[in-house]
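Enquirer: Use these hints to put chain B onto chain A, whose structure you have.
Chains as they are written, first to last, in this note's numbering: chain A, 120 to 511; chain B, 120 to 511.
Each hint can be trusted.
Identical chains share a label here; the pair holds if one copy fits it or two copies do between them.
Calculated pairs, SDA-like style, for lysine to any residue (alpha carbon to alpha carbon, straight line, at most 25 Å):
1) 338 <-> 276
2) 255 <-> 342
3) 125 <-> 144
4) 177 <-> 120
5) 233 <-> 253
6) 363 <-> 435
7) 179 <-> 300
8) 179 <-> 120
9) 485 <-> 156
10) 145 <-> 120
11) 363 <-> 428
12) 233 <-> 305
13) 145 <-> 124
14) 145 <-> 172
Keep in mind the hints are simulated off the structure, nothing from the lab.
Protein chains: 2
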Amino acid sequence: MYNELKVPPRILLGPGPTIANPRVLKAMTTPMLGYMDVDFVEIMDDVVTLLREVYGTKNKLTFPISGTGTSGMEAALANIVEPGDRVIVGVNGYFGGRIADIAERCGAVVTPVKAEWGDIIQPEQIIDVCDKVSPKLVAIVHGETSTGILQPLDDIIDITRKYGAFFLADCVTTLGGQPVDIDERGIDIAYSCTQKCLAGPPGLSPVSFSERVVDAIRKRKTRIQSFYLDVELLEEYWTGDTRKYHHTVSMSLIYAIREALRIIQEEGQSARYIRHEQNAAALIAGAEAIGLKPVAAARYRLPMLTTLRIPEGIDDATMRNRLLQDYNIEIGGGLGVFAGKAWRIGLMGDAANEQNVLLVLNAIEKLLIEFGVTVEPGTAVSAAAAVYHNSE
Amino acid sequence: MYNELKVPPRILLGPGPTIANPRVLKAMTTPMLGYMDVDFVEIMDDVVTLLREVYGTKNKLTFPISGTGTSGMEAALANIVEPGDRVIVGVNGYFGGRIADIAERCGAVVTPVKAEWGDIIQPEQIIDVCDKVSPKLVAIVHGETSTGILQPLDDIIDITRKYGAFFLADCVTTLGGQPVDIDERGIDIAYSCTQKCLAGPPGLSPVSFSERVVDAIRKRKTRIQSFYLDVELLEEYWTGDTRKYHHTVSMSLIYAIREALRIIQEEGQSARYIRHEQNAAALIAGAEAIGLKPVAAARYRLPMLTTLRIPEGIDDATMRNRLLQDYNIEIGGGLGVFAGKAWRIGLMGDAANEQNVLLVLNAIEKLLIEFGVTVEPGTAVSAAAAVYHNSE
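Looking at chain A on its own, in the form it has when it is part of the complex:
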């Protein structure tokens, strides 16, 4: 027989999941409703409206896919890509690579536009490749969780539009922590997740498709290869007048995202974005004060996820294990080329606060001193505290 579930009280400061807001956890204790219950349909409508707000869009086809962020990525690609379609993918980190992989599985002819991990994709690179391949779709990661880069989108969207292609933005890490502004920017397809800056549990992937893309999907020559992710069917359930059954969505996760989005509405989007930026600034000030260097250049840093180079002579796994075991703090290790070379510290959603910044800086500093690095105790926390002091 198995015991009752018990988990350690982790302070989750990695690449996600972040700490879920207690109100969101409480919402999940709400009893089930039928997937066609009028009361449930109202809750679905709330979620759609609130998602449109945080995404900055009037797109009718805005709703959560019943799966995690990667299912949203796959839904985005599987619906618009037909076999043989030319797709340009910015690959400057792990998740760009994943987009390319999935697009190929959908039958796309993918042209990757590469940059070093930790650099941004340059608009000129996109022009060059658009000239060569006349793409149907250009796909870019807005916030690359593997490198800590916040990719500027506006120039690339202009170029994409000029070449008559659709623009896809991976907003898995940015939604709820930085403006996505779908309509203002002219993003055609976006997807995200719930366990990062929305501060909910993982399990849903909010997606949004522009009317232009929906038109193109309706004119496909081939069937969408996935039934589960087929937005023409999902549209009927999520936004149709008839609410035709497609699959049984997870009431619990719908309750959770509704509450998470309600909390964002209460805080206000711009206040929330500024909070993410300020806490990242304090974290970086503290980290730099004890000799930890950010991977990303200052102007392209992702506020909700900071990558720091691991100093020479410090063992990645030892540090992260000690943080977890001694302090209950989880930070992320490096992915791909950054494995063993960088730490990823996430300050996402509720977790983007002063308490966590001071906690993690203090813990890292103490361990670095224990591992033989020469640092005056309190250096990191003082530097961070100064940032908070100055921003008041």
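Expert: Positioned in the frame of chain A, the structure of chain B alone reads:
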């Protein structure tokens, strides 16, 4: 601004979701853990072990897909089917049709084996078609939620094996409410859901693949068209020694399924199966006593879902709306050919109990009387009570 979530206290006696066990809802308030946290990996291992128990299998590749039942259906098919593969699908209800649809989207050449909705697929039909098409896969729905049929599997599995094909069973409705017995029966691929007889929230799809099927998947000539559902990648995260990252599973839903499976272990599988059968028997006795006729023949009835023909002159929507509004009871309407012609009453998981049987029979009886049907008040409840009395 939106109000706090409030939902009516529905008694869910439809085709699912069923009422989630309160212990399962409570488990979902457990805080998040990192997807690689040693404590979370232990919880994942518990889920795998408990799933193997309820599925009756030693299959290594047994775990929940991060999506609802339909995602499990798609995972099952997308992994084994390669373009051009011949697949036989039993179609005697809505979900057999869905299997055929998804198999075609995976590139299969599908041969449907049809029976009337409400009838079973006969083994002889499978022999005939196997002779003609030499299939790679035979796919059958174990419990057809659209018709209330419990399909006998053993003869069809023997035939499938004789023709050298793999056997897939859709156990969405049966798992946790009737024996699936993967190993004893020789099922190669099975999938289910969490919101029916496991009495959890929707959102996960427990799947199991036999070693034979896993071998065949490893020898595929083409890539699996879905990255999200690619079991070779999922295997590394769920059961590999290295636990390689694939996607961020929903901690909350993993906590939920662990608790749901723990409750099944406590009750004991055979006690649980008998409970489902006894409550179905009482429901049917009560229904028949007031003139409601089951769609399915007595020997093929699905204990967790009873389909009843709607009497002449009674309006389907009116009855279901009144049950919902006056009694907070949800029952299901008919799907497909049974739309407007049958009701679907689910007694699944915890909801399969005497209290619910008496409640729903009493409410239906009162409404039928109100709608002009001649019935002596108390007839349905007396007939059901007699079944409980006799089975004590």
